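Visitor: If you want the building blocks of each chain, they are given just below.
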Amino acid sequence: MGRDEPGTGAFALFRRSRLGMAGLGLVLAFAATALVGPALAPYEPLDFGTAAEVLRPPSREHLLGTDDMGRDVAAALVAGSRTSLLVGLSATLISMALGSAVGIAAGWRGGLADSILMRLTDVFLVLPWMPLMLVLAALLGSSLWNIVLVIGLTGWAGTARLVRAQVLAIKERQFIERARATGASGARIVLRHLLPNVFPLIFANTILVTAVSVLSETTLSFLGMGDSTRPSWGMMLHFAFESGAATSGALWFVLPPGLCVLGLVLGFTLMGYAFDEILNPKLRRRG
Amino acid sequence: MRRAFLRRLLGAALTVLGVLAINYFLFRVMPGDPVAMLVRNPKMTAEALARTRASLGLDRPWHEQFRSYLAGLARADLGSSFIFKRPVLAVIGERLLPTLLLTLVAEALAIAGGMLVGIVSAWKRGTKADVLGLGFTLLAYSMPTFWLGILLVALFAGRLGLFPVSGMLSPGLAFAPLAQRLGDVLTHLALPSITLALVLMGEYALIMRNAMIEVLTEDYIVTARAKGLSERGILRRHALPNAMIPMTTLIAMSLGFAITGALQVETVFSWPGLGRLMYEALKGRDYPLLQGIFLVTSVCVVGANFAADILYRYIDPRVRD
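Keeping their order, the protein sequence lines are chains Y and B. Position 80, counted from 1, in the first sequence is what this note's numbering calls 80; the numbers after and before it change by one each time, with no gaps. Take any residue in the second sequence, note its place counting from 1, add 287, and you have its number in this note's numbering.
Wrong hints could be hidden among the right ones.
[What the hints assert, rightly or not] Partner residues are not named here, just some residues of chain Y that face chain B (Cβ under 7 Å, in silico):
| id | residue |
| --- | --- |
| 1 | 35 |
| 2 | 36 |
| 3 | 123 |
| 4 | 128 |
| 5 | 130 |
| 6 | 131 |
| 7 | 135 |
| 8 | 189 |
| 9 | 191 |
| 10 | 218 |
| 11 | 258 |
| 12 | 260 |
| 13 | 262 |
[Said to hold, decoys possible] What the simulated footprint calls covered on chain B by chain Y, stretch by stretch (three residues with Cβ under 8 Å from a Cβ of chain Y suffice, anywhere in the stretch; the number is not a length):
| id | region |
| --- | --- |
| 14 | 299-306 |
| 15 | 399-410 |
| 16 | 473-481 |
| 17 | 524-538 |
| 18 | 564-577 |
[Stated by the list, open to error] These stretches of chain Y come out as covered by chain B in the derived footprint (C-beta under 8 Å, 3 or more residues):
| id | region |
| --- | --- |
| 19 | 103-112 |
| 20 | 233-243 |
No wet-lab data here; the hints were simulated from the structure. As the structure is a prediction and not an experimental result, all values here were calculated from the model. Just so it is clear, CB atoms sit at the ideal spot from N, CA and C, and this is done for glycine as well.
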């Protein structure tokens with residue numbers, strides 16, 4: 001990468017963004033919880049309690065109380081952070097790979113391939129994606145990896161458009177011409193010259209897509225389409241809602257999972273927002 | 288203008304065709320093949336399975352099957368719902384109006400609120416009001432819609448008892464006078480529509496703010512100011528109309544987002560619309576109904592996008608060819 005590439009110095013600028021750093025802090029806190037938390041929690045998140053332990057408010061034994069089946073809320077929260085991050089990041093990886101492949105193929109090839117791929121992208125852009133995800137999850141069955149697949153397969157269209165636009169802009173630049181003149185193959189130019197220059201601009205997009213993926217996982221689980229063998233924040237809220245805990249005032253069962261989702265998604269959103277302002281010249285503050 | 292219109296129409300038609308293809312292949316080729324569900328029944332002999340396949344037309348080549356699927360659609364035949372034992376289209380038809388009512392009221396609230404927050408944020412850029420507006424936007428964006436709904440129910444319906452918890456009409460009011468029924472529907476509508484509006488508002492506020500900031504640096508604003516026009520006059524006569532242009536596209540583009548929100552809100556509030564219907568269909572694994580709902584919502588979204596595209600060309604003379 002040359003010195004004039006848009007990514008250079010972005011991390012230095014990012015470190016000066018207070019919102020961005022706050023977001024990074026939030027995400028790192030959840031990541032640390034997901035990594036070491038389950039080993040430290042004194043309860044197994046899926047172990048049912050006795051009848052006397054059902055829907056108990058916070059106490060010394062159960063710091064955040066228990067749910068409608070006597071399970072420890074805090075243990076489920078900690079385990080849920082692992083599910084949310086795992087699904088969010090894996091689904092984003094699929095979206096990014098698919099979106100970048102389609103965007104590069106369309107932008108680089110042009111012509112008929114471009115028209116067909118962009119038509120397909122438009123179809124996925126306008127489709128109401130939540131019904132599509134629910135339908136896919138219902139048909140495939142809701143194991144963890146199916147949920148990852150479902151979220152990844154429905155979320156790539158925005159990235160494809162972004163990457164294509166960037167490829168079209170870079171394609172005409174001189175260093176591509178030079179590489180071509182030296183006899184480099186198409187695949188080599190794409191991998192060595194095009195991809196590194198497309199990457200900085202899709203970076204902010206990646207973080208924002210992760211935020212959406214985490215929200216999608218939570219919503220799918222809340223609607224009963226999640227993997228029931230893995231505790232997740234969405235599933236906790238599903239049980240809280242179905243058991244009527246929310247309206248009966250068991251707020252310790254309703255507030256923490258929602259606040260966790262809010263915190264993690266806000267963390268990614270703040271980071272994405274900060275990077276977007278740094279990498280996207282249109283949003284830079286004028287005068 | 289006419290050519291652009293025809294091109295857009297062709298584009299929308301192609302998108303609908305794409306939706307139909309996706310819809311068809313999802314349900315016939317994936318594990319949801321109706322016969323695959325029967326295979327689990329051990330009493331089915333191989334011969335009986337083959338007969339079922341033939342009667343459903345599943346033994347014919349896929350392009351023939353797709354053609355007969357399209358022919359069924361042309362007769363407005365979407366199959367029959369497993370759980371309601373009635374034609375899918377009739378079931379969906381009954382739920383369309385409540386969803387439309389909820390979405391339209393929420394959109395109206397969100398557009399008005401989002402514009403207000405966006406205009407104030409842009410006008411007072413960098414001040415406390417702007418930071419507050421941005422904070423609200425980011426929070427609204429990051430919050431699960433259904434969770435906001437649950438919290439509002441717990442607070443305003445549960446604890447304070449100000450609004451009904453769920454449904455659209457109180458039991459026993461089905462034959463009450465129209466005015467009384469209308470009032471009852473409104474009190475049921477308040478919480479769900481406010482929930483949906485709050486979630487939609489964030490994005491509108493952000494786009495309005497950015498559009499206003501861009502417009503406010505244009506030369507004609509400087510000119511208007513130099514002419515001695517009042518700040519209020521500049522805002523109303525020059526800045527607002529131009530900043531509205533990106534808003535119109537966003538409103539149509541975010542309809543898919545609105546539907547996603549409505550689905551969650553309806554589930555939480557037991558609002559008898561398409562979203563709640565989808566939740567019921569998912570629980571009962573009612574594939575024909577699911578397919579129908581997906582199709583109807585997709586066609587609505589594509590239609591709205593097409594309408595917005597045409598409207599956009601009409602409002603903004605710069606994009607006319």
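Visitor: Answer holds if the nearest beta-carbon of chain B is closer than 7 Å to that of residue 258(Y); otherwise answer violated.
Guide: Since chain B brings a Cβ to about 4 Å from residue 258(Y), closer than 7 Å, the hint holds.
Visitor: Quick check: do three or more residues in the region 399-410 of chain B have a beta carbon closer than 8 Å to a beta carbon of chain Y?
Guide: Violated - the region 399-410 of chain B has 0 residues with a Cβ nearer than 8 Å to chain Y, which falls short of three.
Visitor: Would you settle whether the hint for residue 123(Y) is holds or violated, based on the nearest Cβ-Cβ distance to chain B being less than 7 Å?
Guide: Holds: closest Cβ of chain B sits about 4 Å from residue 123(Y), inside 7 Å.
Visitor: Counting residues of the region 564-577 of chain B that have a beta-carbon nearer than 8 Å to any beta-carbon of chain Y, does the count reach 3?
Guide: holds (count 7)
Visitor: With chain B as the partner, please determine if residue 130(Y) meets the hint condition of a C-beta pair closer than 7 Å.
Guide: holds, 4 Å
Visitor: For the restraint on residue 135(Y), tell me whether the closest CB of chain B is nearer than 7 Å.
Guide: holds, 5 Å
Visitor: Does the region 524-538 of chain B contain three or more residues whose Cβ lies closer than 8 Å to a Cβ of chain Y?
Guide: violated (count 0)
Visitor: Given as covered by chain B, does the region 103-112 of chain Y meet the bar of three residues or more with CB within less than 8 Å?
Guide: violated (count 0)
Visitor: Taking the least C-beta to C-beta distance, is residue 131(Y) closer than 7 Å to chain B?
Guide: holds, 5 Å
Visitor: Should the hint that residue 262(Y) touches chain B count as held when the rule is a Cβ pair under 7 Å?
Guide: Given a least distance of 5 Å, the restraint on residue 262(Y) holds.
Visitor: Holds or violated: is the Cβ of residue 189(Y) closer than 7 Å to a Cβ in chain B?
Guide: violated, 31 Å
Visitor: Using 7 Å as the Cβ threshold, decide whether residue 128(Y) counts as touching chain B.
Guide: Holds. Min distance 4 Å.
In the structure shown, a violation is registered for the earlier hints numbered 1, 2, 8, 9, 12, 15, 16, 17, 19, in ascending order.
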